[in-house]
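Top to bottom, those sequences are chains Y and D. Each residue of the first sequence is one higher than the one before, counting from 1 in the UniProt record's numbering. Each residue of the second sequence is one higher than the one before, counting from 1 in the UniProt record's numbering.
Note that these hints are calculated values from the structure, not bench results. It should be emphasised that the depicted structure is a prediction, and the values quoted were computed from it without experimental measurement.
With a cut-off of at most 30 Å between alpha-carbon atoms, the simulated DSSO-like pairs for lysine-lysine come out as follows:
{"#": "1", "chain 1": "Y", "residue 1": "K3", "chain 2": "D", "residue 2": "K270"}
{"#": "2", "chain 1": "Y", "residue 1": "K150", "chain 2": "Y", "residue 2": "K175"}
{"#": "3", "chain 1": "Y", "residue 1": "K267", "chain 2": "D", "residue 2": "K35"}
{"#": "4", "chain 1": "D", "residue 1": "K269", "chain 2": "Y", "residue 2": "K267"}
{"#": "5", "chain 1": "Y", "residue 1": "K206", "chain 2": "Y", "residue 2": "K133"}
{"#": "6", "chain 1": "D", "residue 1": "K179", "chain 2": "D", "residue 2": "K142"}
{"#": "7", "chain 1": "D", "residue 1": "K179", "chain 2": "D", "residue 2": "K11"}
{"#": "8", "chain 1": "D", "residue 1": "K269", "chain 2": "D", "residue 2": "K200"}
{"#": "9", "chain 1": "Y", "residue 1": "K72", "chain 2": "Y", "residue 2": "K12"}
{"#": "10", "chain 1": "D", "residue 1": "K269", "chain 2": "Y", "residue 2": "K253"}
{"#": "11", "chain 1": "Y", "residue 1": "K72", "chain 2": "Y", "residue 2": "K90"}
{"#": "12", "chain 1": "D", "residue 1": "K269", "chain 2": "Y", "residue 2": "K311"}
{"#": "13", "chain 1": "Y", "residue 1": "K203", "chain 2": "D", "residue 2": "K257"}
{"#": "14", "chain 1": "D", "residue 1": "K35", "chain 2": "D", "residue 2": "K67"}
{"#": "15", "chain 1": "D", "residue 1": "K35", "chain 2": "D", "residue 2": "K179"}
{"#": "16", "chain 1": "Y", "residue 1": "K267", "chain 2": "D", "residue 2": "K142"}
{"#": "17", "chain 1": "D", "residue 1": "K269", "chain 2": "Y", "residue 2": "K175"}
{"#": "18", "chain 1": "D", "residue 1": "K270", "chain 2": "Y", "residue 2": "K203"}
{"#": "19", "chain 1": "D", "residue 1": "K269", "chain 2": "D", "residue 2": "K257"}
{"#": "20", "chain 1": "D", "residue 1": "K270", "chain 2": "Y", "residue 2": "K311"}
{"#": "21", "chain 1": "D", "residue 1": "K282", "chain 2": "Y", "residue 2": "K114"}
{"#": "22", "chain 1": "Y", "residue 1": "K132", "chain 2": "Y", "residue 2": "K90"}
{"#": "23", "chain 1": "D", "residue 1": "K287", "chain 2": "D", "residue 2": "K257"}
{"#": "24", "chain 1": "Y", "residue 1": "K203", "chain 2": "D", "residue 2": "K269"}
{"#": "25", "chain 1": "D", "residue 1": "K270", "chain 2": "Y", "residue 2": "K253"}
{"#": "26", "chain 1": "Y", "residue 1": "K150", "chain 2": "D", "residue 2": "K287"}
{"#": "27", "chain 1": "Y", "residue 1": "K267", "chain 2": "D", "residue 2": "K270"}
{"#": "28", "chain 1": "D", "residue 1": "K142", "chain 2": "D", "residue 2": "K130"}
{"#": "29", "chain 1": "D", "residue 1": "K200", "chain 2": "Y", "residue 2": "K253"}
{"#": "30", "chain 1": "Y", "residue 1": "K203", "chain 2": "Y", "residue 2": "K132"}
{"#": "31", "chain 1": "Y", "residue 1": "K267", "chain 2": "D", "residue 2": "K257"}
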Amino acid sequence: MTKPLLQVEGLKKYFPTHSGLLGKQSGYVKAVDDVSFYVNEGETLGIVGESGCGKSTTGRMLMRLLEPTEGKVTFDGKELTNISNSEMRKARREIQMVFQDPYASLNPRHTVEKILMEPLIVHNIGDAKSRKKKVYDFLEIVGLSSYHAKRYPHQFSGGQRQRIGIARALMTNPKLIIADEPVSALDVSIQAQVLNLMQDLQKELKLTYIFIAHDLGVVRHISDRVGVMYLGKMAELATSESLYAEPLHPYTKALLSAVPVPDPEFKREQIILEGDIPSPSNPPTGCTFHTRCPFKMDVCTTVVPKLEEVKTGHFVACHLYKEAVQH
Amino acid sequence: MQNRQVILEVKDLQTSFFTDDGVIPSVDYVDFHVKEGEILGIVGESGCGKSVTSLSIMGLVPSPPGKITNGQILFKGKDLTKFSEKEMRGVRGNDVAMIFQEPMTSLNPLFTIGNQLIEAITLHKKDWSKKQAKARAIEMLKLVGLPRAEELMRDYPHQLSGGMRQRVMIAMALVCDPKVLIADEPTTALDVTIQAQILKLMRDLNERLNTAVILITHDLGVVAETCERVVVMYAGKVVEEGSVETIFNNPQHPYTKGLIASVPDMRFKKQRLYSIPGNVPKPGTIKEGCRFAARCESVFGRCTLESPPLYEISEGHKTRCFLYDEKEVGVHDKTAATS
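Whenever a hint applies, use it, and build me the whole structure from the sequences.
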């Protein structure tokens, strides 16, 4: 049986805001507000949401690139949120990250060989000779060639750079890869190449992915389960079949219906949401979605809905499904 | 609907950039037209020349290094490439208007929305009073679905969200009733739910005002939902042109086929995505033959030697591929049999 590789409980990140001449603290931006989920070994969990929903902040907190304000992250039976920074550095050998912008995340002054070797040096893996061999091996694995090792990042195209970013993440043989918008900067034809590569690597190296993206088509393609975030909270979390076939949360419904489908004959009832996403520094009371929700009830403006299981494996945070909650 | 006049026609357009590495034709003999009240999509990946095409129409190609080196851009029969800068200023906004991807960089952060809208109006309508211009500005803000238009006139761009800014840009573009609106990736910087609002607005306005729209995008979903006709560009050339139904249901160029197959569809899960091998070529690197030859699965001898012309395979459906040259039918059958 699969067991959770990563368990996240009540994760929060509040950024203090300052105002006035003396910069007195005036409040918080609740970027991530009480988020819980788990990731099973070997699966891909997709996290989707629009800008400012906290999906990237969540990803960074899992690696403690940002310190969580509150909450617990357990990886492979070990709690990451109460260990020292030096212990955390060691733990990062097992959790690696792939970033969105392959232009900004590779040092332009280093050769590809140096970029890929760095994680091995940091984690003290192997000697000079074996490190070099590993660099060449992984270049081949991600679809580049060993002669690319002596080149600099600017000599590569966007897709190739993202392959280097993926190779770097794989150098330490991690178990979990957190990929934050890894294909959003790429052209459609290149995006498909990188997605296929990530799927192949997952099978070959038995990787677990957390795939953070805003493109719902891409997320469906790669994920086993998907979580939808809105204003720092998890609105819905289910298997990707269940979520896309039968979305429950009004926000998920609207989000899915807003995605343009590449088929001119596809007709559907589009739900067009009114207004904009509220500011996370001053989120609405109760359910944060109530200001744009077509099914708003009185209770929504005052009580925060909990993320609860309404069908097997299908979690939703919405008052509409109170009766269906499984106990 | 049938007898709509062609309002803008681009003929053999070549726009080149004179760089240290030589002359690079970013747009290379491009032909297409837009009819009155039509929504035409131009789709392609980065570096295909779709944005340079639109800048050429507007006379906004940065010069130097860029220059229109060949061809005509006919607006109602008049060739815009022959116009002086002063004459072009009369065209921009009045006849052809444009909106861009990032509305924040298109608005001046130091002036209020009202200020900028009124400026746009008074520049073109010299005989209007300030009061008339203000009334028109408020009317336009209401037209694009912005609430509390009067108050908004006093707001600065940073006080608005991305979606609202793009609405303001659309209002500004439409303020003098242009016949053609060029929208260059108008929703790329916006969230999905906001993108749906803006696309709906553009469709509504197109219907109500009968403004022709050239929608430039890389997103095939946006094209399928918004456009009537589509032009597919690759490496500076038009590779396929047809109605939106033809392009999506019966694509003929191997690039168009590959592009459509590489998009993950949210409605169902494919085991594996099709992917076009190789990379998008840098502009100007392919000098001979079909520009897609190096990545094409159906490539044959002739492709690397000659540049294919646009073949019309049915009415209004054109494709730039030797597979449709009647002389090469034998080859076509052979590749079809082996694949």
